[in-house]
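Peer 1: In order, the protein sequence lines correspond to chains A and B.
Numbering follows my numbering, with no gaps: position 343 of the first sequence is 343.
Numbering follows my numbering, with no gaps: position 148 of the second sequence is 148.
Each hint should be verified, as a subset may be incorrect.
One-sided and incomplete, this derived list gives chain A residues near chain B with beta-carbon spacing under 7 Å [stated by the list, open to error]:
no.: 1; residue: Arg131
no.: 2; residue: Asn134
no.: 3; residue: Thr147
no.: 4; residue: Leu255
no.: 5; residue: Leu263
no.: 6; residue: Glu280
no.: 7; residue: Ala290
no.: 8; residue: Ile292
no.: 9; residue: Arg293
no.: 10; residue: Trp365
no.: 11; residue: Leu366
no.: 12; residue: Asp377
no.: 13; residue: Val447
no.: 14; residue: Leu449
No wet-lab data here; the hints were simulated from the structure.
All values reported here derive from a predicted model rather than from experimental measurement.
C-beta: ideal position from N, C-alpha, C; glycine also.
One letter stands for each residue in the lines below.
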Amino acid sequence: MTAMPMRLARAEWQRFLKQRLNLWVLAVFALLLGASAAWSGLAARDYRAAAVAQQADWEQLRLKARAIAAQPADGTKAMMAAFQFARGDAPPAQLPALGGLALGTGAFELLGPDARVTVESRHTDARKAERLGNPLLEDLGLPDFSTVLALLLPLAILGLSCGLVQEEREQGRWPWVVAQCARPAQVFAMALGLRGIAAWGIAAAASLLAFALDPGATAGALFCWLAAVAAFCAFWLALAGLFCLLPLSSGSAALGLLACWLLSTFAIPAALDAWADRQEPMPSRLAAIAAIRDAQQEAEVHMDAHLADWYAAHPAAAPFAARSHAWPVSFLPRYLAQDRRIRPLMESFDEARARRFAWLEHRNWLSPNLALAMAADRLAGIDAPRYLRHVQRVNTYEDAWRDFFVPRIMSYQGLAAEDFDRLPRFEAPSDASTWEVLRQVLLLGLVALALSGCIALARKSLEKP
Amino acid sequence: MRLFAVVRKELRALLRDGRFAVLALSMGLLLAGLLVTSAQQHRRLAAEKAQVAAAVRAQWDAQGNKHPHRGAHFGLYALRPDSPLAAIDPGLDPYLGQALWLEPHRRNMTRFRPAADEAPSVRFGQLTPAFALVALLPLFIIALAFNAVSAERESGTLRMLHSAGLPGSRLLAGKFAALMSVVALMLLACVGGGLALAAAGGSAQPDAIGRGVLAAGSFLLYYGIFAALALAVSAWLPTSRLSLFVLLGLWIAFVFVVPRLGAAAAERAVPLPTAERFWSDIQRDYAQGLPGDPDLATRGKAFEAELLQRHGAKRLEDLPFGVAAVRRMARDAYADRVHALHFDDLWRRHMLQAQWLRAAAAFSPVMAMRAISMKMAGTDLMHQRHFEDAAEAYRRQVNAKIDQWDADHTRGLASFDDRYADNDLWRSVDAFRYVPPGIGFALKAALPDFALLLAWALGAGWLLAASVRKLQP
Numbered sequence: 001m002t003a004m005p006m007r008l009a010r011a012e013w014q015r016f017l018k019q020r021l022n023l024w025v026l027a028v029f030a031l032l033l034g035a036s037a038a039w040s041g042l043a044a045r046d047y048r049a050a051a052v053a054q055q056a057d058w059e060q061l062r063l064k065a066r067a068i069a070a071q072p073a074d075g076t077k078a079m080m081a082a083f084q085f086a087r088g089d090a091p092p093a094q095l096p097a098l099g100g101l102a103l104g105t106g107a108f109e110l111l112g113p114d115a116r117v118t119v120e121s122r123h124t125d126a127r128k129a130e131r132l133g134n135p136l137l138e139d140l141g142l143p144d145f146s147t148v149l150a151l152l153l154p155l156a157i158l159g160l161s162c163g164l165v166q167e168e169r170e171q172g173r174w175p176w177v178v179a180q181c182a183r184p185a186q187v188f189a190m191a192l193g194l195r196g197i198a199a200w201g202i203a204a205a206a207s208l209l210a211f212a213l214d215p216g217a218t219a220g221a222l223f224c225w226l227a228a229v230a231a232f233c234a235f236w237l238a239l240a241g242l243f244c245l246l247p248l249s250s251g252s253a254a255l256g257l258l259a260c261w262l263l264s265t266f267a268i269p270a271a272l273d274a275w276a277d278r279q280e281p282m283p284s285r286l287a288a289i290a291a292i293r294d295a296q297q298e299a300e301v302h303m304d305a306h307l308a309d310w311y312a313a314h315p316a317a318a319p320f321a322a323r324s325h326a327w328p329v330s331f332l333p334r335y336l337a338q339d340r341r342i343r344p345l346m347e348s349f350d351e352a353r354a355r356r357f358a359w360l361e362h363r364n365w366l367s368p369n370l371a372l373a374m375a376a377d378r379l380a381g382i383d384a385p386r387y388l389r390h391v392q393r394v395n396t397y398e399d400a401w402r403d404f405f406v407p408r409i410m411s412y413q414g415l416a417a418e419d420f421d422r423l424p425r426f427e428a429p430s431d432a433s434t435w436e437v438l439r440q441v442l443l444l445g446l447v448a449l450a451l452s453g454c455i456a457l458a459r460k461s462l463e464k465p
Numbered sequence: 001m002r003l004f005a006v007v008r009k010e011l012r013a014l015l016r017d018g019r020f021a022v023l024a025l026s027m028g029l030l031l032a033g034l035l036v037t038s039a040q041q042h043r044r045l046a047a048e049k050a051q052v053a054a055a056v057r058a059q060w061d062a063q064g065n066k067h068p069h070r071g072a073h074f075g076l077y078a079l080r081p082d083s084p085l086a087a088i089d090p091g092l093d094p095y096l097g098q099a100l101w102l103e104p105h106r107r108n109m110t111r112f113r114p115a116a117d118e119a120p121s122v123r124f125g126q127l128t129p130a131f132a133l134v135a136l137l138p139l140f141i142i143a144l145a146f147n148a149v150s151a152e153r154e155s156g157t158l159r160m161l162h163s164a165g166l167p168g169s170r171l172l173a174g175k176f177a178a179l180m181s182v183v184a185l186m187l188l189a190c191v192g193g194g195l196a197l198a199a200a201g202g203s204a205q206p207d208a209i210g211r212g213v214l215a216a217g218s219f220l221l222y223y224g225i226f227a228a229l230a231l232a233v234s235a236w237l238p239t240s241r242l243s244l245f246v247l248l249g250l251w252i253a254f255v256f257v258v259p260r261l262g263a264a265a266a267e268r269a270v271p272l273p274t275a276e277r278f279w280s281d282i283q284r285d286y287a288q289g290l291p292g293d294p295d296l297a298t299r300g301k302a303f304e305a306e307l308l309q310r311h312g313a314k315r316l317e318d319l320p321f322g323v324a325a326v327r328r329m330a331r332d333a334y335a336d337r338v339h340a341l342h343f344d345d346l347w348r349r350h351m352l353q354a355q356w357l358r359a360a361a362a363f364s365p366v367m368a369m370r371a372i373s374m375k376m377a378g379t380d381l382m383h384q385r386h387f388e389d390a391a392e393a394y395r396r397q398v399n400a401k402i403d404q405w406d407a408d409h410t411r412g413l414a415s416f417d418d419r420y421a422d423n424d425l426w427r428s429v430d431a432f433r434y435v436p437p438g439i440g441f442a443l444k445a446a447l448p449d450f451a452l453l454l455a456w457a458l459g460a461g462w463l464l465a466a467s468v469r470k471l472q473p
């Protein structure tokens, strides 16, 4: 009894290999996926190396500033040196990439995961935090592994399974299958399963390559990713199987499946985006410009009052001798005041993004391609909820940075050499949200199971010659 | 059988094919939906831009009493007006910043890229009318034409037509003409609809119409390439299934694979500096001086010495104009030079990357068509550079005006904490009025892409002509 399925599998495998088109589809799929995996893995490696180099550069900067601070200087000069360091030389507050960075660095490039805290306003001058990129290349899209896989895997399944039944019928071979086999559905299931294993196998091998090239990759991320790809593969395989059972010609079935791919890749995500926009509207960046300027102007008008308030609240930092204050001392309380208004405004964009992401995550089973892209973002560590938590941590860190520097600047004392050893440091936990990915895998798996149920219900049609 | 008869027969066959009805209806509905949605968004964005530009200007005008340089630092924002055709092809707009902050001393980059706020699906490509025209309509052509010849062969009608004396060239020409007439109708409806929507929004100028006509002509040529390729493949390959797979493979390669590989190659071949490096290089060249120039302090001392000598004064305090403002003007002139050098280099790198992509267009007509479409819509890099250059010229003009006013209204070394400028000064600064370049600019920028598209058309035409000999039953 157990030998029968094995014999069937062997026979189907032989039949699969003898069809040249299958081999062509697999070869092209493997080549493209392999190239994309290599590119993404190397990009992840470069990204991690650049992050480490950035920290090392900053350490040099700190040591240089420490050496200068060790030399005797008058109060104003020391204050000015402390101000220059505090406003422009803070360490990069980096969003640490997670174990799945090899799935694509594109989102990191787009969002800019490094922030530079300052005693001025980082929101009005994002010079160092923003990344330089060519919009033309960004528009075309770089070959991020997860994106390429989400685009190509369904098409590979289409190429492998299209016409599995219809073409056999059109060419008169299916009646032979029905005549020779008690359960044609078993042959069909085996053929479909083998195709699924072949497509998933190539995807898994390419994933292994991408993860192997990234020194920060983790086994947990790889496991979650392979599970997500398996669920994704199962969905498309089940859908392809369902199309094989429909009373269509092989060409029409291929076009129908292609239409499903177009819907899942472009139309449904666009519709979900539009829907999310209504449910969780994104505030206007353009309108924010006017609000930011309003805060700037307001703070500037009340600059003297902010200065007086600051010294009243920090009597210990007031200079011993009465003096009139000039830039930068006269400006710092104003920056703090304007940031109290600007910061929540800017954070509201990240909050809206996080809410939209969560909203989409609950509905992305409607578009498996979108679900896979979102799972990849989670595993790489660039999903919107995590980015929001990062922004909040950066804000807390900025407060600590300011609490450290502002009193030393306002009191005209500057920093002593040993102060540079006590600078606030940005701590970012590696808070992987594996559970969310597994939940999506489960959802996709359930959808695939439901489709498989439909195939099981329609399997009678296979018994027709 | 005359060519016209073949075309009529093919058109009738197309109309009778259920596949055509489903595909044409889906495509038509999709295009119409995308056009209307995009036009609405375009209008809303234009209104918001106008509103924000007015608010920003009002804030500038009502700054109140300030030191003029502090007022200049409050700055202005330049917002780029969208061209009417951006509703059809938003091009690079999602990846370009929406606003450019204009302030003294420094040239900034545009900020707030809409793509950063989009869902992860943006990576698959944005569903816009241009995407439908560039990527989906060719798929529609493939779906209609993949079995145009192979089905005739499989059903035996090719043999009948051959025995009736119909030359293969005439059969292929008829099929091509019938297919193109259907596609041309859809294209006409789409571009016409787009222009009508633009006109309803009050933004259809002759320039936009000219650009629209050029874009439509290019699209027609582009669809001709796909129609010719589809018919040729259908004629060359023995079965409809194989033909469909080969054409789908080509479509995937043209639309998804080649552009991404081209982008990756361009990025590796012409790397861009990091933002940190870019800005610190500018700061270094400004502070230490460009090669052969002295550093900032030496330049400052030399400038002050020259000022004193020119005016026969011994102290800066005795000079009959605002020294800080004049000194600032000299420093800013140098800073402008440094910025221009680095920004030009960055643009040069962008253009080199664009050339790599153009080379990739030799492997995909989609890339050439996308480039043409964006250029005609004014949403490409060249148009963006034109805008940024105009904004930079305006930035310099505004700052020079304010510094000149400061120099004229003060003497010697005035305190930076004095507030001697008022709303009259802010209001005297002209508003930024950007005049987008005309069709000639777009045409010149798109010439190499037109040449590539033409080369593709010739290649596809040759392949179609060569496939005539494969029409033997």
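Peer 1: It remains to establish, for every hint, whether it holds in the given structure.
Peer 2: Hints, one by one, checked against the model:
1. Arg131: holds, 6 Å
2. Asn134: Given a least distance of 5 Å, the restraint on asparagine 134/A holds.
3. Thr147: Nearest chain B Cβ about 5 Å off; hint holds.
4. Leu255: holds, 5 Å
5. Leu263: violated, 10 Å
6. Glu280: At about 11 Å, which exceeds the 7 Å cut-off, the nearest Cβ of chain B leaves the hint on glutamate 280/A violated.
7. Ala290: Nearest chain B Cβ about 4 Å off; hint holds.
8. Ile292: Cβ of isoleucine 292/A sits 10 Å from chain B, so the hint is violated.
9. Arg293: With a minimum Cβ separation of about 5 Å from chain B (threshold 7 Å), the hint on arginine 293/A holds.
10. Trp365: Given a least distance of 14 Å, the restraint on tryptophan 365/A is violated.
11. Leu366: violated, 12 Å
12. Asp377: Check passed: Cβ of aspartate 377/A comes within 5 Å of chain B, closer than 7 Å.
13. Val447: For valine 447/A, the interface hint is violated, since the closest Cβ of chain B sits about 18 Å away, which is over 7 Å.
14. Leu449: Since the shortest Cβ distance to chain B is 24 Å, the answer is violated.
The structure fails to meet hints 5, 6, 8, 10, 11, 13 and 14 from the earlier list, while all remaining hints are met.
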